[in-house]
Every structure is written in C-alpha cells, then in structure tokens.
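> Chains as they are written, first to last, in the working numbering: chain Z, 1 to 195; chain D, 1 to 774.
Treat the hints as calculated values from the structure; they're not laboratory data. Even glycine gets a Cβ: it sits at the ideal position worked out from N, Cα and C. The reader is advised that the hints may include incorrect statements.
Quick list of the computed label-pair ranges, beta carbon to beta carbon [as the list claims (entries may be wrong)]: (1) Z:Asp125 x D:Thr59: 57 to 67 Å; (2) D:Glu597 x Z:Asp125: 50 to 60 Å; (3) D:Met184 x Z:Glu78: 22 to 32 Å; (4) D:Asp674 x Z:Glu89: 28 to 38 Å; (5) D:Ser479 x Z:Glu78: 32 to 42 Å; (6) D:Gly440 x Z:Ala7: 53 to 63 Å; (7) D:Pro445 x Z:Asp153: 36 to 46 Å; (8) D:Asp273 x Z:Glu89: 30 to 40 Å; (9) Z:Glu89 x D:Ser715: 42 to 52 Å; (10) D:Leu444 x Z:Ala42: 30 to 40 Å; (11) Z:Glu48 x D:Asp651: 49 to 59 Å; (12) D:Leu444 x Z:Glu147: 15 to 25 Å; (13) D:Gly439 x Z:Gln149: 22 to 32 Å; (14) D:Asp273 x Z:Glu48: 27 to 37 Å.
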Amino acid sequence: MTRHKRAGLAVVLIGVVVLGGALAQPAKAHLGRGMLEATFSARLAAPEAARADASQWRPWSWAAMSPIGEIRFPALGESRIIVDSSSGEALAWAVGHVPETSPLGTPGPSVIAGHRDGTFSLLADVSEGDVIEVTTLANHELRYVVEHQVVVDADHYELPIERHGDDELVLATCWPIDALVTGSERLLIRARLIS
Amino acid sequence: MRLSELPRPPAGSSSDLRRPIVVAAVALGLVVGCIASLLPAVTGFSVATASAQGVTGPTPDQLADEGLVTIDDVNTGVLLFETDTPGWFVTAPTLKTDIDVAVSGPIVRAAVTQSFRNPADVFVEGTYVFPLPEGATVDTLRMRVGDRWIEGNIAEKAEAREIFEAAREAGQVASLVEQLRPNMFTTSVANIAPGADVVVQIEYQETLMPRDGRFGLRLPLVVAPRYSTSGQQVSELTAAGWSTVNDPSVHRGAVSSRDDAFDREDEIRNPVDISVALNAGFPLGEIASEHHVVTTTFADDSSSQITLDGPVPANRDFLLSWKPDSFDEPYVATFSEQRSDETHHLAVLTAPTTQTNEGEGPAREVIFVQDTSGSMFGDSMDQARAGLLLALDRLDENDTFNIIEFNYDWTRFASAPVPATKRNLGDAADWIRTLRAEGGTEMLPALQAALNTDRQSVDEDRLRQVIFLTDGAVSDEQSMLRLIETDLNDTRLFTVGIGAAPNSYFMSAAARSGRGSFVYINNIDAVELQLQSLFAKIENPAIVGLRTQELPQNVEISPSPIPDLYLGDPVMVTVRVPAGSDVAVDELVLTGSSGSETVTLNVPLLSGEEPAVGSGPRAGVARLWAREHIRDLEAERLSQGLSTPDLETIDSQILETALEYGIVSRLTSLVAVDVEITRPSDETATTTSITPNLPDGWDPAAFAPTSDGAVDLSSQARARLEAAASDKQIDGGSGGPVSLPATATNWQLQALLGASLIVGGGTYLAGTRRRHNA
C-alpha cells in the first residue's frame with residue numbers, strides 16, 4: 001500500500017519540479033529584463049572606452065553575456081534588450097546577437113535570435129513595412145524597415161555572412177511560433193537600414 | 001532544472017497528513033524551481049555594476065596623446081591605418097588636398113583629391129574615410145596606390161559583390177565601397193608599401209537647400225579634432241548655423257596658424273587648395289566666406305569664381321554662403337546637360353525676394369496636427385508647445401485655424417476651423433497648454449481629419465495648409481501616402497520632424513506628395529527658431545499651383561506636381577527630353593497664380609551647346625534628374641506597399657536608371673577594382689623613365705607624384721601601427737556562413753508535462769486513498 005502512495009507522490013513531485021522549471025522560463029525573461037535594461041543604460045552612460053569591455057558589464061556577476069543594444073518595435077510598443085551571445089543560457093534572459101554575424105550597425109547582416117515562446121514571441125505580430133529601431137552600444141539610433149519574412153529549415157540552411165553590403169537586420173526565431181514542439185524550421189525577418 | 005535536484009519524497013507519512021503535504025510540496029517545488037534559476041541574477045546584480053568602473057589597457061586620453069583617433073573623430077577625408085588597439089587608428093599624413101567645386105543652382109559637384117603617405121616601415125592596410133554632407137553621394141572613385149591604379153564603378157549590388165569576390169579570389173586588390181554609417185564614405189586599401197603614396201580622388205554630388213534664403217556650402221577640412229572626454233564638439237555648424245552668418249563682407253579674419261590644439265598637426269599639416277565655380281541661378285547678393293580669405297571674381301550677375309588666396313592649412317572647415325540679391329520679378333535659370341541621347345535640364349525658379357502687392361498675404365486656413373504620443377514627453381513637447389503658440393501669434397485675423405492632437409486617439413481644438421480672433425486664439429493657447437504627451441501613435445485618422453473632415457468650406461478661396469509635427473515612427477507609411485495622394489486637393493502639407501529619429505524618408509516623401517516641404521529639426525533647442533522661419537515662409541506664397549502646359553510626349557518632369565514658390569526660396573524642376581523627340585522642346589511654359597493674378601513663367605530649355613549668360617551646360621544635371629526620378633519611383637514603391645507585383649517593375653526601373661546614370665542607390669553600389677595600365681608603345685626610350693598612360697577620364701595633374709612634405713608620426717603611434725601590421729596575417733576578417741541557434745525553450749510543453757504528472761500522480765494518490773478508505 002505505501003509503495004503505491006510513494007510512487008504516486010514521486011510522480012506528483014517530479015511533475016512539480018518539471019512544471020517549476022518550465023515556469024522559470026517566462027519568469028526569467030521577465031525578471032532578467034529589468035536588470036539587463038539597468039545594465040544597458042549604465043553602459044550607455046559610461047564613457048565610450050569604458051563601454052567596450054564586455055566583461056565589465058555583466059548584468060549579474062556570473063552571467064555569460066552582456067547587453068549590447070536595445071531593439072524596439074514601435075508598431076507593437078515593445079522593446080527587448082540585445083545581449084552579445086546566442087547561447088541557450090543567454091537566450092533564456094533576452095534576445096541575443098549571433099556573434100559570428102556582423103556587429104549591429106555595420107555592413108552585412110546582423111542576426112538577432114530569440115525564443116519563439118519567450119522574448120521573440122512578438123515576431124508573430126511583425127509585418128512587412130514595420131519599422132524596427134535599434135540602439136547600439138555606440139548610442140547610435142538605427143532604423144530598419146521590415147522587407148520580407150521567410151521560413152527556412154535550419155538543418156539545411158546556413159546564413160551567408162558578408163561583412164560588406166547592406167546593413168541588414170535579421171531576426172530569427174523558431175517556427176511555427178505557437179507550436180508545442182520545436183522542429184527545425186526558423187522564421188527569419190529581414191529588415192533594411194533606412195536611417 | 002535537473003532530476004537530481006528532486007526533493008526527497010517524505011517517507012511514511014500518515015494518511016491524514018498526506019493532502020497538506022502534497023499541497024505544500026507542490027508549492028515548494030514550484031517556488032524552488034523558479035527561484036533557483038533566478039537567484040543568481042538577483043544577488044549578482046549589484047556586484048556587477050560595482051565592478052563595471054575599472055578599465056584596462058591604455059586610456060583614451062593616452063591614445064589620443066599618442067596621436068591616435070577613433071572613427072568618431074574623423075571630420076574630413078583621411079586615410080586611416082589600423083593599430084593594435086581595436087577602434088583606434090593612425091591617420092596617414094596628408095601631403096596635399098585639392099578641392100574643386102562646381103555649383104549650378106542648388107547642385108554641388110565636388111572633386112576632392114588627396115595625397116597620403118604610408119610613414120611606416122611595413123606594408124599596411126588602410127581605410128579611406130570621407131564624411132559626406134547630408135544627402136550627398138559619391139559616384140566617382142579613383143585611387144593610385146604606389147604604382148597600382150584603382151577605379152570605382154557602379155554596379156548592381158549582387159553583381160558588385162560578385163566582382164568584389166572574384167577580384168579577391170584572384171588576389172587582386174578590390175574594395176567594395178561600404179557605408180560605414182550614413183553619410184560616411186569608406187573604402188579600404190590593401191597592401192600599401194612602406195613609404196608609398198596613395199592618391200585618392202572622389203567626386204560627390206549634393207543638393208543644397210537654402211535656409212532663410214541663404215545657401216551654404218561646407219567643406220570639412222579639419223583633420224581630426226583632439227579627443228575630448230567632455231563629449232562631441234564635432235559639428236560646429238548647427239542646422240540653424242547659416243542664419244548666424246551676418247558679416248556682409250567677403251573677407252573674414254585670416255586663419256591663425258598657431259592653435260594650441262593643433263600643435264601636432266603643425267608637422268603633418270597638409271596644404272589645401274580650394275576653388276569654387278559658383279553659378280547661383282539667380283542674381284547674387286552677398287557671398288561670404290566664414291573662415292578663409294578668398295578672392296571672388298564675378299563673371300556676371302549670377303556667377304562667380306571663388307578661390308583661396310593661396311593654400312591654407314587644414315585647420316578650419318571651409319564655409320561659403322551666398323544669397324540672392326533683391327529682385328521684384330520671378331527669376332528663372334536653366335542648366336542643361338547632354339547624356340547619351342537625352343538632354344537633361346534643371347530649372348531653378350526663384351520667386352521675387354520682395355512682395356509685389358504690398359501688405360497682405362492671402363487668407364489662409366491653417367490646420368496644425370501635433371503628435372502628443374509618449375515619445376514626445378519632456379523637452380520635445382515643451383518645444384512643440386512653444387512652437388504652436390508662436391504659430392498662433394503669427395496668424396492674421398482673416399485666417400482660420402484649427403489644432404488636432406493625436407496619440408492613440410485624436411482630438412481637436414474646435415469642431416471646425418475657427419477665425420483667428422483674439423478670443424479664439426486665447427482659447428487655443430489655453431488648450432495647447434493642457435496638451436500632455438502620452439500613449440501610442442495613431443497618425444492616419446488625425447491626418448485624415450486634417451485633410452478631409454476638418455475642411456471648413458470647399459468653395460472658399462482660402463489657402464489651406466496642414467502643418468504636421470511629429471518626432472516619431474510612422475508605421476503605416478503606405479496608407480498615409482495614399483491618403484495624401486487621394487485627399488490632398490488644394491491643401492499643402494508641411495511636415496516637421498522633431499528629435500533624434502523621425503522617419504525622414506517618409507516625411508519628405510509625404511511633403512513631396514503634399515506639395516509642401518519637410519523640415520527636420522534634430523537640435524531640440526532650435527525647434528522654436530526653425531518653426532518660426534517655416535511659419536514666416538509659408539505665410540507668403542509667391543506663386544502657387546504651378547502647372548506645365550501640355551507637354552510633348554516622353555518629356556518627363558520631376559518633381560511632379562511642381563512645388564509652390566515662396567518669397568526668395570528657389571524651387572528646382574528637372575526635365576528630361578529624349579533624343580529624337582518629334583517636337584523640339586525649347587521652352588517650358590508654366591502657369592500658376594500669384595494672389596488673384598495668373599502668372600506665366602517661360603523656362604528656356606537650351607540644347608546644351610550654347611551657354612547663355614548665367615546658364616549653360618553643367619555637370620551633375622543629368623545625375624540630379626536621375627536621382628529625382630529614383631526618388632519618385634521609391635515614393636511610388638512606398639505607397640504601393642510591399643506586396644504588389646508592381647514592385648518588381650518599379651525596382652527594375654530604379655535599377656536601370658541607377659546603372660545608366662551611375663548612381664549609388666538602394667539597388668546599386670560602387671565597387672573599386674584594379675585597372676590595367678597600358679605602357680606607352682615607345683618603350684624603347686630607355687633613357688627617360690616611362691610614364692604610363694592614365695586610364696580614361698583621369699586627370700594627370702591630380703595624380704602626379706607629390707613633392708615631399710614633412711612626414712612624422714609619434715613614436716608610440718608608429719609602434720602601434722607596425723604591431724597591428726604584424727598581427728595582420730593571421731586575422732581572417734570575413735566569416736563564413738553561420739547556422740542558426742536554437743530558439744525555443746518549449747517551456748509550454750514542459751509545463752504541460754509537469755502539470756500532467758501532477759494531475760496523474762494526484763489522481764492516482766486520490767484513487768489509492770479512496771480504495772483504502774472503502
């Protein structure tokens with residue numbers, strides 16, 4: 001009899017921990033935001049040379065990322081802090097610039113990735129012609145206009161990276177956005193610099 | 001959250017206690033699960049900000065003292081060499097700078113030729129950087145690097161990239177001309193030999209806009225202002241700056257050559273030669289050079305040649321301004337340029353500088369549309385409020401007005417435009433003072449109201465002006481532009497952008513279709529001043545509703561419709577006449593109205609050969625036509641939206657025009673590659689050194705070897721430059737393709753799983769208990 005009870009309790013507890021871990025994801029994105037925002041504005045306020053060293057600008061001491069920009073979607077009234085890493089850990093907190101791609105505000109595509117069921121769920125509401133604004137670490141205000149959206153298969157797709165050509169912003173998240181299980185499809189939103 | 005972190009299930013609890021324990025455990029698990037992953041963030045935060053102050057490596061001040069600069073310091077054309085400190089560069093010593101400018105009405109074509117030297121003992125890679133005036137684009141690039149010759153060509157973007165890649169593969173020197181940031185022209189130059197000279201020539205074109213009836217030309221010459229920790233003091237000419245030039249004399253104090261801040265430049269200072277062929281397109285009033293002593297030679301009423309009195313050191317920007325003399329009749333000047341088979345004309349129409357029918361301007365109906373969304377909060381709103389009050393003050397009692405404010409919704413001062421009586425103005429002022437900036441930005445309904453529903457009476461013979469003030473993002477560009485096209489009627493739309501990032505692209509397109517003008521005010525302190533000059537200007541339209549009389553086929557006019565003429569404020573109209581037109585077009589007849597009178601303007605279109613006085617064939621007219629044409633096409637594209645099949649047609653028209661006229665556009669770019677230099681055929685002449693024939697279109701004088709100048713670098717700067725050069729061979733530069741990161745946590749799925757486990761386990765427990773109790 002106690003064996004049954006124990007088994008039942010164990011199942012409940014496993015469930016509890018799994019649920020807790022799951023709920024931590026949206027909570028992280030929510031709570032991390034304030035700290036990342038504070039760190040970013042402190043970083044912008046610092047003299048230019050002091051801004052450069054990423055290790056000085058961790059939102060908390062053992063974070064493996066630092067905020068390098070802010071992306072705003074005026075049409076949606078939303079904004080996100082951009083961090084300098086696209087590792088799983090970093091993306092749990094914010095949207096991340098893929099370090100192998102062009103730095104923000106320089107020629108070539110800059111890729112920003114975020115979770116479809118977290119920081120970048122709003123990409124579902126972005127449409128062609130929307131304006132996206134980005135504040136860079138150098139405190140430049142960049143304005144992009146969404147030119148097209150495309151769904152690609154990440155298993156067979158590699159984004160060609162050139163450090164030349166247009167300053168382009170590519171926002172990436174998993175597709176379909178409201179799916180329960182992640183496949184290999186990714187939504188890419190490409191936006192062209194207008195000013 | 002890993003399974004190993006599972007709390008142990010409580011062992012051997014009694015059945016009465018079971019339920020509370022389960023509930024407590026569930027709650028605890030949730031809390032632990034959440035908190036555990038958040039804790040690091042919470043506790044770590046204060047530590048991180050505290051440690052953020054220290055900086056390692058040399059400080060900016062040290063680097064600046066060594067003679068290094070950052071890209072932000074660059075204020076004129078320079079050749080930069082990388083150093084071992086990322087983001088900091090050594091400026092190559094400039095041996096000589098020559099600037100040749102031709103001004104045709106509002107068009108400025110400038111050719112800048114600069115010679116630099118590699119002062120290091122190693123091969124280095126350089127980047128030529130040239131800050132361009134707002135709206136200017138480079139269309140010609142020529143370089144001599146040691147004995148290599150490089151020329152830029154306009155190509156379709158994809159093709160330009162291919163050329164670049166192919167040239168790089170082949171080990172050739174190539175550079176895709178990049179836009180580092182808007183209005184910063186850059187091109188990289190690889191493999192500059194020790195001691196070698198680099199000569200760069202670029203040509204750019206810009207279109208000047210008069211401010212307060214005065215044209216201003218600015219040539220940046222200051223090599224690199226010293227780094228200043230107190231912030232930017234780079235832009236010494238503010239938007240309102242031209243109006244402060246009051247000195248009527250051509251001469252201003254000679255440049256003092258010893259300036260403490262430029263001591264270092266003393267040794268490497270380059271001599272600058274400037275000549276400006278000014279053809280204003282209207283009778284010239286005063287010409288003023290702000291910082292340099294110049295000689296002005298008048299060719300006739302409207303043109304003159306301006307040269308420096310000998311080479312000057314590059315320590316002051318060259319600022320030249322001019323304005324029309326006062327005249328009573330509309331003045332028309334045309335400039336023409338033949339290109340391939342077509343003739344291009346630029347007509348500059350200038351209204352009289354003085355009102356002919358003394359006194360009253362026409363009665364107006366003025367609708368102010370004020371953005372009061374949240375982003376306007378603070379200074380912007382205060383300034384806008386002050387601007388509006390100012391505008392009310394200027395209204396005449398015959399005028400009618402209304403004010404519409406919008407954020408997520410819109411409201412207006414009065415349900416219909418009201419006469420500008422003292423009482424109404426007072427009420428309006430009170431109303432303006434209550435405006436608060438908050439909420440979102442829904443522009444379309446407000447604009448609709450301004451153009452349509454707020455129209456008092458259609459039959460009234462009033463001048464309708466809508467003044468649209470906003471700081472912000474315009475999200476629904478195409479609906480707005482369509483609305484303007486369909487509902488403008490006799491209204492004139494003036495757009496005013498305030499603050500750091502208004503959508504200038506849209507706002508100028510809107511003003512263009514709205515037959516008004518766009519004013520961009522980025523300096524918040526200047527809002528009041530600049531609004532004042534806008535209001536003053538639009539009170540006195542000299543000639544409105546200009547139209548061409550039946551135009552022969554194929555003759556294209558841009559902008560269309562033609563903007564109104566305001567006092568002393570020139571308007572330019574470009575015309576293209578294709579070859580083989582059946583009808584020879586030698587005159588364009590424009591009719592418009594001035595008050596109650598009908599005015600006819602005859603615009604002579606010269607065939608291009610015979611330059612009349614004050615007019616004539618001028619380089620840049622064809623490109624200006626093409627640029628205007630592309631702007632029209634881009635505006636059309638914008639109003640079409642991004643999903644119509646017409647897009648491709650428009651894009652191909654843009655591409656065709658850009659390639660034909662050699663213009664850098666959204667679809668084309670400038671790519672620079674080595675050109676083959678032919679040796680002269682009489683190579684047998686062994687005793688004399690062989691001079692290669694220059695590529696077509698190159699000016700031998702510009703690329704002749706430069707005589708030696710004083711060349712020196714600080715020893716630290718040299719060390720940093722050479723250190724960087726030795727590191728160079730390992731660095732890869734451009735990366736390969738990247739794969740996309742995982743971008744989902746699947747937390748919903750995980751939550752679902754957790755919840756089912758709880759429900760399943762719970763049901764099971766409940767079941768066992770029921771069975772037990774039974």
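> Against which earlier hints does the structure fall short, listed by number upward?
Numbers 1, 4, 5, 8 and 11 - these are the hints that the structure violates, sorted from lowest upward.
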